[in-house]
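Residue numbers (the working numbering), protein chains in the order written: chain B, 5 to 106; chain E, 8 to 200.
The set of hints was computed from the structure by calculation and includes no laboratory data. Hints are not guaranteed to be accurate.
To be verified - Cut-off 25 Å, straight-line C-alpha distance, at most; resulting in silico cross-link-like pairs (BS3-like, lysine-lysine):
(1) E:Lys132 x B:Lys104
(2) E:Lys91 x B:Lys53
(3) E:Lys22 x B:Lys57
(4) E:Lys192 x E:Lys22
(5) E:Lys132 x B:Lys57
(6) E:Lys55 x E:Lys91
As the list claims (entries may be wrong) - Label-pair restraints from in silico Cβ distances:
(7) E:Asp142 x B:His54: 43 to 53 Å
(8) E:Asp115 x B:Lys104: 25 to 35 Å
(9) B:Ala17 x E:Glu188: 34 to 44 Å
If you're wondering where the values come from, they're calculated on a predicted model, not measured in any experiment. Even glycine gets a Cβ: it sits at the ideal position worked out from N, Cα and C.
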Amino acid sequence: MSDIAQARKELVARILEGDGRASHAQRRAAFDNARLAEPLSTLIDTVAKHAYKVTDEDITAARASGLSEDEIFEIVVCAAIGQATRQYATAVAALEDATKTE
Amino acid sequence: MRLAILDSGHGFGSKILFVLIRTVSRHPVPEIIKLIRYRPDFFGAPMKEVVHEAMRGPSAWSVGDRELMAALVSKMNECEFCTKAHTAVAARAYHDEAKVSAGLSDLDTAAIEQPLRATLRLLGKLTREHAVDADDMRTVLAAGVSREQIDDALAVCFAFNTIDRLADAFEFFVPGPKAFEVGAKFLMARGYR
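Extracted from the complex, chain B is given alone in its bound form:
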């Protein structure tokens, strides 16, 4: 079977704990889709729940709030990986549950 456990762990550690332009707290908040103020909270929530609905205005508002493009790049990456991680964790737990009771 393929094994992404190690690679996935390294990816998440890199974006959340490694060097970056956005603060660690901001990257963590984007990953968790929590504790963000407007306009970032709208952008990050949209990325997490239905990214195809992100608009030019969402990005423009993030820029206007004083964020650089590098900071926006990082926090959007964190938001995407955060949501994918929560979905993955829910599914792995469901699989554990289903196989445990067999």
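Got chain B sorted already, so can you dock chain E onto it with the hints?
Just chain E now, kept in the frame of chain B:
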């Protein structure tokens, strides 16, 4: 591309590579490559490891099966770029375009194996509703899918639930079908590293 840095903020080596890609492929540089090569130590390099393992690592699922999963997850996310890209790769991997389009347009009636159908349904639900439960897993296991196969499918799902979001948030340019054919040929030959 919504961020100028992702369009043109790359280092010298990547800019040379982009010229080469444009010259050889006669198509624009796929925007996924621009994303992956922007400050690759932050995202592109570690992400490539995840995607390559999920899509080309050892698995009971074929490359075609995993590409079809990628296309289906992308379709559920309404991500046009990734849906088109992986529909093209899956068709090439299976040598069967009809199987892929049937699987994506009507999963219930498509002529695909029961274990794969059950797995695609699971990934579709997980992507659409952001959650699945133990009963969903029991249904897939009962269809003859092994625990390891479910793990492998969830790895594909993780990878594309990440990439799809970025493709749409940053608004990747969606080229014509010929460009996706060139991309599919490359991904079949070289994988994701």
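Hints and how they fare:
With a C-alpha separation of about 22 Å, the suggested pairing of E:Lys132 with B:Lys104 holds against the 25 Å cut-off. A distance of roughly 21 Å separates the Cα atoms of E:Lys91 and B:Lys53; the hinted pair therefore holds under the 25 Å criterion. Restraint check for E:Lys22 and B:Lys57: not satisfied, since their Cα atoms lie roughly 30 Å apart, outside the 25 Å limit. This hinted pair checks out: E:Lys192 and E:Lys22 have alpha carbons roughly 22 Å apart, not beyond 25 Å.
Under the criterion of a C-alpha separation no larger than 25 Å, the hint pairing E:Lys132 with B:Lys57 is consistent with the structure, at around 19 Å. Proposed proximity of E:Lys55 and E:Lys91 is supported: the alpha carbons are some 20 Å apart, at most 25 Å. Restraint check, E:Asp142 to B:His54: a C-beta distance of roughly 26 Å breaks the suggested window 43 to 53 Å. Taking the beta carbon of each, E:Asp115 and B:Lys104 are about 30 Å apart, inside 25 to 35 Å as hinted.
Range check, B:Ala17 to E:Glu188: about 37 Å between beta-carbon atoms, so the 34 to 44 Å window is met.
Violated hints for the displayed structure, listed by number in ascending order: 3, 7.
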